[in-house]
Amino acid sequence: MVHRIPLRGTRQRRTIRQKELQYSWRWQLEHWVPIHHRKAWNGDINNRKGQIFKKLIGLDLMVGISISADLPFSGQVLQALHQVQHMLSLARPRFGPRESKKAMLYSDVGRLNCHVTYTTFSTPIRGQGFDNKEYSSMLHKALEGAIILETFPKTTVDIFALVLESGGGDLPVIISCASLAIADAGIMMYDLVSAVSLSCFGKNMVIDPTSEEEACQDGSLMITYMPSRNEVTQFTLTGEWSTAKINEAMELCLDACSKLADILRSCLKENASELTS
Amino acid sequence: MMSTKGYKPESGLAAEIEVEAYRRLFPLQYYECHLAESVRPDSRALGRARDTTIALGPVPSADGSALVKIGDTTVLAAIKLEVMTPSIDSPDVGSVAVDFQMPPICSPVVRPGRPAEAAPVIAKQLSDVIMSSGMINLKELSLISGKAAWMAYLDIYCLNADGSLFDAALLSATAAFSHLQIPLVSLNDDGKLITVSEEVKDKAAVEPVNKENRKLTIAVVPFSLTCIVHGKYILADPTSEEESVMDTHVTVVLDSKERLVSLYKAGGAVLLHTSVVKDCIVLAKQRVEELSEILRESLSAMEVD
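Line order of the protein sequences matches chains A and B.
The numbering of the first sequence is the UniProt record's numbering, which starts it at 1 and goes up by one.
The numbering of the second sequence is the UniProt record's numbering, which starts it at 1 and goes up by one.
Treat the hints as calculated values from the structure; they're not laboratory data.
Be aware that one or more of the hints could be misleading.
What follows is a set of in silico ranges between Cβ atoms, one per label pair, in the way DEER data are often shown [said to hold, decoys possible]:
no. : chain 1 : residue 1 : chain 2 : residue 2 : range
1   : A       : Y106      : B       : E289      : 57 to 65 Å
2   : B       : E241      : A       : H140      : 26 to 34 Å
3   : A       : N113      : B       : I17       : 54 to 62 Å
4   : A       : P124      : B       : N188      : 28 to 36 Å
5   : B       : E241      : A       : E274      : 17 to 25 Å
6   : A       : G127      : B       : E140      : 24 to 32 Å
7   : B       : G231      : A       : H140      : 47 to 55 Å
8   : A       : T276      : B       : S292      : 50 to 58 Å
9   : A       : F235      : B       : Y264      : 49 to 57 Å
10  : A       : D218      : B       : E289      : 58 to 66 Å
11  : B       : S300      : A       : D218      : 47 to 55 Å
Where is the CB? At the ideal position from N, CA and C, for every residue including glycine.
All chains, please: the whole structure from these sequences, using the hints.
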């Protein structure tokens with residue numbers, strides 16, 4: 001609970017995170033934040049507690065992170081599905097809170113709107129760029145609990161996520177990316193939200209699945225998590241599961257979430273120090 | 001970010017209020033103060049374009065893609081190829097469909113559910129320039145005469161709109177076409193075309209239809225420069241703020257052989273003298289040299305990889 005941000009009114013308690021993120025209510029965002037997720041796995045079953053490496057991708061002004069992870073696996077490894085996943089998404093809160101529409105009723109907490117859109121070239125077969133209503137509402141629900149809405153009454157924050165390339169596990173990437181963008185915009189949050197999904201195939205589980213893996217999964221689980229507060233904001237479970245396996249899968253996901261959050265946090269720090277220097 | 005160099009309020013209100021407030025309240029006067037000193041608020045000279053970078057292949061699942069940044073303007077172009085049946089009138093040519101999108105992520109002006117007005121205009125200009133400049137030979141997109149040809153879908157997304165969108169879009173389009181790698185296809189038993197993956201191409205069973213010509217030959221490359229004309233001043237490569245304050249835009253498109261491909265001057269309050277148009281063309285010529293160097297560098301860097 002070290003990183004807890006004080007609620008409005010307790011101004012004297014400045015926290016570590018406030019200093020870290022340079023909360024300056026920078027509404028005009030100058031930087032957008034793409035997340036570059038990558039999973040590589042060497043097929044070594046014994047390497048259960050792997051490491052997550054962090055690497056900045058050098059596309060000039062972008063704040064980008066690339067994750068190359070040997071995430072822990074249990075049971076047998078599905079060698080056939082071994083591959084490197086590629087997924088890119090982009091989120092950006094819309095230029096800070098704006099005044100809510102006149103037609104809307106007065107509200108003493110802020111409103112949050114989420115829009116998830118896909119580009120025409122994001123899917124293997126070219127489709128029309130489409131809005132994903134389901135993901136939009138899932139994103140909204142995942143973030144609602146993390147943002148301190150009391151800090152901007154009568155106003156609305158719009159969050160737009162644009163999926164540039166879809167390679168499986170889209171929603172967790174969208175959520176992590178959006179929470180990073182919100183933090184970058186200086187909107188108050190209780191904690192960063194990191195999200196990880198997991199697919200199960202019979203006895204085996206694969207973390208951060210690719211679209212091929214998702215197509216043949218027996219069940220899936222997604223957790224969005226605030227590691228510093230040890231709170232889960234969203235939990236979805238579909239398909240066939242046994243109670244024991246749910247427990248194991250949750251452990252794996254939560255572990256991966258905390259590692260992901262560390263990376264997100266250091267990415268923010270680096271960006272903040274770049275801006276000030 | 002903001003340079004106050006060249007800003008010397010002489011008297012009156014301008015001398016009393018803060019620079020940032022003055023900028024917001026009297027944007028035109030603020031710019032004129034700068035222009036009189038031949039400098040712009042971002043400390044550029046009037047005829048200078050912003051720093052430009054090209055990254056090739058940011059979307060691996062597309063057949064060709066490029067991310068272009070001109071200053072803060074960021075544009076992503078990707079090409080996907082699909083097999084189509086060519087029309088009877090022109091059996092041995094493929095075709096290109098150009099689309100330009102401005103999602104709400106790119107600018108505070110664009111609202112969700114209400115597409116940006118500028119987007120279809122830029123899309124049309126782009127497709128005109130790409131077709132009329134002779135940059136790509138559509139015959140190269142043919143696979144089997146009268147039976148099959150490639151349809152190239154060029155989709156350009158503006159990720160951050162900070163002025164000179166057409167320049168960035170055109171540069172990303174040419175970069176994406178230079179990066180385009182045509183996939184191998186072969187005929188299956190039913191006479192349908194299927195794509196051949198890289199791993200199985202050595203097998204004798206499948207004979208690719210298009211063994212050669214995996215890259216398009218780009219004969220001439222069109223480059224463009226947008227200028228803003230305000231009184232006697234010509235500002236190259238304007239930012240969105242400059243575009244909103246001053247309203248006479250001239251876009252010059254030249255190809256790599258310094259031939260004029262097109263010239264747009266869409267309305268605006270100021271009538272242009274021909275000498276001003278000539279000056280714009282001179283600026284565009286310099287820009288073409290810069291841009292072709294940048295494009296050449298990024299292409300050669302890709303080949304090294």
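Here is what the structure says about each hint:
Remark: the range hint 57 to 65 Å for Y106 of chain A to E289 of chain B is upheld by a beta-carbon distance near 59 Å. Between E241 of chain B and H140 of chain A the Cβ separation comes to about 32 Å, which falls inside the hinted range of 26 to 34 Å. N113 of chain A and I17 of chain B have their C-beta atoms about 36 Å apart, which leaves the hinted 54 to 62 Å range violated. In this structure the hint that P124 of chain A and N188 of chain B lie 28 to 36 Å apart at CB is violated, the actual value being about 19 Å.
Checking the proposed 17 to 25 Å range against E241 of chain B and E274 of chain A shows it holds: the Cβ atoms sit about 23 Å from each other. Range check, G127 of chain A to E140 of chain B: Cβ separation about 26 Å, and the 24 to 32 Å hint holds. At about 49 Å, the CB distance of G231 of chain B to H140 of chain A agrees with the hint of 47 to 55 Å. The hint said 50 to 58 Å for the Cβ distance between T276 of chain A and S292 of chain B, and at roughly 37 Å that hint is violated.
Distance hint check: the CB atoms of F235 of chain A and Y264 of chain B are about 54 Å apart, consistent with the given range 49 to 57 Å. Separated by about 59 Å at the C-beta atoms, D218 of chain A and E289 of chain B satisfy the suggested range of 58 to 66 Å. In this structure, S300 of chain B and D218 of chain A meet the distance hint of 47 to 55 Å, their C-beta atoms being roughly 48 Å apart.
The structure does not agree with the numbered hints 3, 4 and 8 stated previously, though it agrees with the rest.
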